[in-house]
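Chains as they are written, first to last, in the numbering used here: chain A, 120 to 572; chain B, 120 to 572; chain C, 120 to 572; chain D, 120 to 572.
There's no promise every hint is true.
Since the list gives no way to pick out one identical chain from another, each pair is judged satisfied if it fits inside one copy or across any two copies.
[As the list claims (entries may be wrong)] Under the rule of at most 27 Å between Cα atoms (straight-line distance), these lysine-lysine pairs were calculated in the DSSO-like manner: (1) 266 to 416; (2) 433 to 409; (3) 313 to 353; (4) 266 to 206; (5) 313 to 189; (6) 215 to 266.
Derived by calculation from the structure, the hints in this document are not laboratory data. Being a predicted model, the structure only gives us computed values, none of them experimental.
There are 4 protein chains.
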Amino acid sequence: MNMSFLQELFSNITQRDALQRTFGGRKANHTHSDLDDACQALLHSDGEAASIVLASRALDIYHSLDDDNKRAFFESLAKNFAADPRKIDDAYRAYKTDRSNRHLAELFEVSEPRRQELLRRLNLAQGATYELVRMRQDFLSLMRGHKDFDPINADFIHLFASWFNRGFLVLKRIDWTTPASILEKIIRYEAVHKIEGWDDLRRRLDSRDRRCFGFFHPAIGDEPLIFVEVALTKGIPDRIQPILANDHYDIEAAELADSAAFFGISNCQVGLRGISFGNFLIKQVVQELKQELPNLKNFVTLSPLPGFRSWLEKTYRSESGLLTPEAQETLALLDDSQWVYDDEMTNSLNEVVRPLAARYLLKEKNHENLPLNPVARFHLGNGAELHRINWMGDISAKGIEQSAGLMVNYLYVLEHIERNNEKYITNGEIACSAKVRELAKSGRKLLQGEHEK
Amino acid sequence: MNMSFLQELFSNITQRDALQRTFGGRKANHTHSDLDDACQALLHSDGEAASIVLASRALDIYHSLDDDNKRAFFESLAKNFAADPRKIDDAYRAYKTDRSNRHLAELFEVSEPRRQELLRRLNLAQGATYELVRMRQDFLSLMRGHKDFDPINADFIHLFASWFNRGFLVLKRIDWTTPASILEKIIRYEAVHKIEGWDDLRRRLDSRDRRCFGFFHPAIGDEPLIFVEVALTKGIPDRIQPILANDHYDIEAAELADSAAFFGISNCQVGLRGISFGNFLIKQVVQELKQELPNLKNFVTLSPLPGFRSWLEKTYRSESGLLTPEAQETLALLDDSQWVYDDEMTNSLNEVVRPLAARYLLKEKNHENLPLNPVARFHLGNGAELHRINWMGDISAKGIEQSAGLMVNYLYVLEHIERNNEKYITNGEIACSAKVRELAKSGRKLLQGEHEK
Amino acid sequence: MNMSFLQELFSNITQRDALQRTFGGRKANHTHSDLDDACQALLHSDGEAASIVLASRALDIYHSLDDDNKRAFFESLAKNFAADPRKIDDAYRAYKTDRSNRHLAELFEVSEPRRQELLRRLNLAQGATYELVRMRQDFLSLMRGHKDFDPINADFIHLFASWFNRGFLVLKRIDWTTPASILEKIIRYEAVHKIEGWDDLRRRLDSRDRRCFGFFHPAIGDEPLIFVEVALTKGIPDRIQPILANDHYDIEAAELADSAAFFGISNCQVGLRGISFGNFLIKQVVQELKQELPNLKNFVTLSPLPGFRSWLEKTYRSESGLLTPEAQETLALLDDSQWVYDDEMTNSLNEVVRPLAARYLLKEKNHENLPLNPVARFHLGNGAELHRINWMGDISAKGIEQSAGLMVNYLYVLEHIERNNEKYITNGEIACSAKVRELAKSGRKLLQGEHEK
Amino acid sequence: MNMSFLQELFSNITQRDALQRTFGGRKANHTHSDLDDACQALLHSDGEAASIVLASRALDIYHSLDDDNKRAFFESLAKNFAADPRKIDDAYRAYKTDRSNRHLAELFEVSEPRRQELLRRLNLAQGATYELVRMRQDFLSLMRGHKDFDPINADFIHLFASWFNRGFLVLKRIDWTTPASILEKIIRYEAVHKIEGWDDLRRRLDSRDRRCFGFFHPAIGDEPLIFVEVALTKGIPDRIQPILANDHYDIEAAELADSAAFFGISNCQVGLRGISFGNFLIKQVVQELKQELPNLKNFVTLSPLPGFRSWLEKTYRSESGLLTPEAQETLALLDDSQWVYDDEMTNSLNEVVRPLAARYLLKEKNHENLPLNPVARFHLGNGAELHRINWMGDISAKGIEQSAGLMVNYLYVLEHIERNNEKYITNGEIACSAKVRELAKSGRKLLQGEHEK
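Chain A on its own, in the form it takes in the complex (with noise of 0.2 Å):
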């Protein structure tokens, strides 16, 4: 169809967000229960006039009020936005009697908790999508550990995954063309690796051999909500220093690189907890780059490896007698803060390190049989394989602290996700190349008494 006409009609939404609640609201004096009785207004009115201009009230009530007022009104969703519950007992008493599909629609109509319907009737305000969005950032920090927390946030989460549904959400490259509007909001969200200001943005971005994209919503406008930094590399590449100084792996021409690597996954809303989209963008820009690119063979992340340090300390360094003391020595050796610029050291290090991070990420596992690592256990339940383990490949203090220094690749082989994904979630077994797999049998000699197994 033709883009240009599509494209022109994003205009409206958006103008209209922008426009909107700039002003409004913060000024009055306004508590909770105000909120409250907004809110069941909007509830009770019939018309569909009537609600957007009480939504729009009530949007900006909730605006101006402080943190106090906005917890007591959390609570009171919890407390007076619930259900009716005669309402429940009769219609379940019906459905008990007869189970036809009329009295389970009944009873699933009576039972939706009307925080729900109060919550759709605020989303009919203009730009009130990103505003709920802000609204349950709000409650996850607020609200915490708060013995309701849980339904409620049910109920936010079940609207919004309607609402950001995959459908819905649109790719768009960033780069140094995009709006300074975004750009900045790229410098702010960045999460794995710190972007320094306008200056480093640049040197990320604006290269014949990166790539950014995000994922943005029509009624959310410029907040992207999740994006990704993508280095175009000759060879799988094993360090990361070298991608963010931009000095190493650069390539004459975009056409000339073989691997696309995935550095950085920022997820930018607070609020969007729990939607998960970075399945889907990591796909999207594969197909985006493969249709781009075409001699592009690899397709790889360059992952930090969060907790494998703290998880070292924890189990091997805690507890002796499980490491050989020659290994267990060399361990102690990370506490040296000198080490990385010590030949020495690193290797003997690595001889110790890379096999326990091996058997790290395929042998340990959370409650549900998943493996513990945070990071593994998103790429591994996309379909990813788990590809090699590099050694020194990030040595900034962040790197050194949280991974010990590791980075991780991770494959996407566009033929093997469904095999991997259908494997990793029925059994739990994990995709891996045979170098990693030797790489975590060979730390078994590191462990007393395992040497037999």
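Fit chains B, C and D to the given chain A structure using the hints.
Frame of chain A; chains B, C and D shown alone:
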């Protein structure tokens, strides 16, 4: 924000849609039970990667089914994709013991028909949103009267109401520079006053005194959801024929118009029946027009009165004794197909028909105590007021047959909309001009024995 | 760079154009001498502000003139807007004494016809570029044969060649999603194979095996300058009727085509005659198609042979004795309007007509020693090669009348274009397939007394 | 017309530009004589296909030259690309005999320096237009003072005036949502009040009381040609510092402003010197602003007075006896770098400097009898009027050094522009407010022996 950035965003969704499912599936010899299996697989799939593939497959199969198999599939939706009664029993038991939000959430979750989750998952496939709208269109036509129709229909509506949330709709002006692929749909979907082809379309759109606006949805692309046609006029127009012929109300320049007359509102997607857009559309168009043409003073419809003629027949002509003999006799002139060309007859009829129409609009109510006439119900429900009843407003065959040649102006006065809406909702009170009220009153003397009332 | 930013840029120019000069001027009773005065005022104006106003006024007056007054104005252009002879004499005298760049510059300046400065100044008004193209269209039709035609025409060409510099042209794909306002121009301007209306247009454009591209100019807006229609086929097509009917060469998907056949190139603006775009257009379209569809191997035309039939008549039928009696007799079959439906006749004709066509294309030259046939001249001049002559390639009435039913494929082989072009320019050498050369050779035996050559 | 269609058009030109000549040429060891050869080949090429290739090659070679070789090339342009004297002699002889348009056309053609045809042909290459602008930038800097400078320069100007015709320029609002690639150029090109980086830029652009507009050219892409910065204010502003700090004239909403103050106009392309855009820019921006903000009443500049301080020094301080002793003494306070912080001194200076500035603006003329001050010349030439001279309008170091701290408001009153312009052109009459005229008059008493005049 930068419009062009946003505009660009939306190529993706729709580009994906455009390429997709064009050739797939249709050739295979699938039956409804293949689709059943595919849907069960989709519901039991754990990974997102797999879900997308499974969703695409299911939609492809659906696409290839004939009507009988589709019907069988809808029956299976009713039978096999309801909810698990035992889980409901358990959840209700827990809820009854402790009516907490947690137990409510569980009850809500288990009493959600599995169809809804199925539809949500189907929506993961590319272009699925429109496919599902089309699926509901099939459903409405194939299952009407089926005993389990309503609850399944409610499941569609529940999801569509979220997906087609007002905040996601995009208003777009349609004119002669709109892509042909969209214009041909305008020709096809115009429901009020048929468009006879490209030349007629051009006459309707490509004139300085015409406007047309439609709502579009990002995930649906170039399929309009609803559109409205507007004529800019000096004074509030009372007849549709000059507007359709574009030979009468023509003005030197749009800036000289004082009135915007909405003369046709067409819903385009049968599959979205019950999801209402018209109210929002009118109000947003009023805003657009006010901004473009600050001189506009009247925002008004030129609407048909469908059902009036048959009501007239049923009420007054089949039953004698209600009208005065003179009125009864005059009414009989309607049977003479030549009456529109006869001044005497039209004058006589005018004396009788318009007052009765005023009474019809103001007094005749449906079971919810709302106006019997659906067009009146729509506009009055939006907060408009009944402004004028125009004799010989539409002398086309259809106009005479349905509306006894009358057309009605409903006036949208922005400052009164909310108040009108409230009164209408609360007491069923109809906002109405003094003249129409007068007219209705004058109708009393046509009724036998009503003079004294 | 950011495309969307650029795209937005161009609203302005054209928006301004669109609104402008729509109502102005026409009502007044102007004569050519009013226009003369306005032009003199414009030429003598010093300030830019004033110039714009004066330019607009002059164009408005021009617009309101009838043909006689326009003709008088063009005569005045010839007479009153030439150059000042005394200044030329002075400048030449100075130049003759000292042939420096400074004196050359002066001579150049004073010998520039004042018409050129006038046209440049007229071009300051909004939308003037298109107005001036239309003015030249008038000029070409009203002044043809006029004794001062050529120099004035040269003044237009001199300026248009700068304004319509290839760097300012914009290639745009035209398809069913293109605005109707542009598509109606495609219908109107198609010059090779008439388009019969919207349905026919859709058949030509809205198919996966069709492409259409046009050149546009920023200051002209939605008026195409030239466009080309392309069919994607398996193998090089030899007949136009199946393509026009869209019922033969249809392919499963564009990706399966190995050939792109250019079957119609239409210049749209008479006023731009002599400013050539076709060469650039073809080459740019080849680039676009290669990028979209890497499988394409052949870029080829399916071209008519206008003038061949009349050449045939004139050369061989009016003069007896050139052809062998048998050939002469066969050729006479062309007079039988039924020959296309008679296998025997078509077979006989094929034996005679194709070889003669090959000779016509390869041997018949114009006064510049270039091919007599204009279509051949165009494509061979672009560096294409004569690939195949197709019997019964176009059996429409027009095809038979002009081209004796033949169509010709010219092949664009990117790597040969430059070499072909050079040989053609230098020696008039025609790049040609072995088969066509063979065919031409075989034609010799149709000629009396040429068997031995 | 359909804007989005148009907008899409323009991707091509610039996309081509962007990719182009990025890596080419620079590595080779070319000299000016290689370029000479390439240019001669280009001029002698017959086919368009070949021309484009040759043009690209020539530009690549130019690109790779060092300054000495570039200088040599420009000298060769002067020497080897002039015209053929014999042809000129012949053409003149024919013209002298018969002064017809035909002979004039021939003379014009042969006296056109071949450089012009060369530049036109170079412009066939992709992205060439901008390359040629850059070439002229080199020319201006490398050849200044060279004896053949002017005529070659005139050749550039002759062509650029056609290519950068006002009708091809595109006005574009620049704000915080503009692509970063363009914003960084705004930072770089701002000539009047330096922008200190991204934060300063944001302060200047991203505020509801700021506007910035630039002219762009389709064939040049994202390089602005000129841009203007505007502050929306209540009342006509008299000081620049609060505007730059964005801390004073801030208004609640753009709609509340009554004045638009143009406080910086920056030409961006040195290579386009002599092609004037500022006049068109200001007028088009006034139109844009009037449409967006109908409440605006004043369109005014806040302009520096460059050269005033040095004029003051030269005229009055170097030559004693012109001013009264008191005035002379007061003027000497300017030497005290602390005067801006001293109320007494500033008050005294005010009494002397402003009246002298008024005289300077109204009385001091250049050799063409136009105002000596270039900024005044520009705005008055555009039809603006001298509205107010503001004491302490710019107390930056630069403001004090160049303008003695003054800033001037020039007022653009649309209805007066033409009249002002005409009077200015015809008699050099300066449109001026009564107050400034009064001020100038009051200056007389500062002059010795002028009291009686």
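Evaluated hints:
In this assembly of identical chains, residue 266 and residue 416 lie within 27 Å of each other by CA distance neither inside one copy nor across copies; the values are 50 Å within and 55 Å between. Proximity of residue 433 to residue 409 under the C-alpha cut-off of 27 Å is found in neither arrangement, the shortest distances being 42 Å within a copy and 59 Å between copies. Taking the closest pair of Cα atoms, residue 313 and residue 353 come within 27 Å of each other only inside a single copy of the chain (24 Å); across copies the shortest separation is 42 Å, beyond that limit. Within a single copy, residue 266 and residue 206 get their C-alpha atoms as close as 25 Å, and across copies as close as 24 Å, so both meet the 27 Å cut-off.
Taking the closest pair of Cα atoms, residue 313 and residue 189 never come within 27 Å of each other, the shortest separation being 31 Å inside a single copy and 44 Å across copies. Taking the shortest Cα distances, residue 215 and residue 266 sit within 27 Å of each other only across copies (19 Å), while inside one copy they are farther apart (31 Å).
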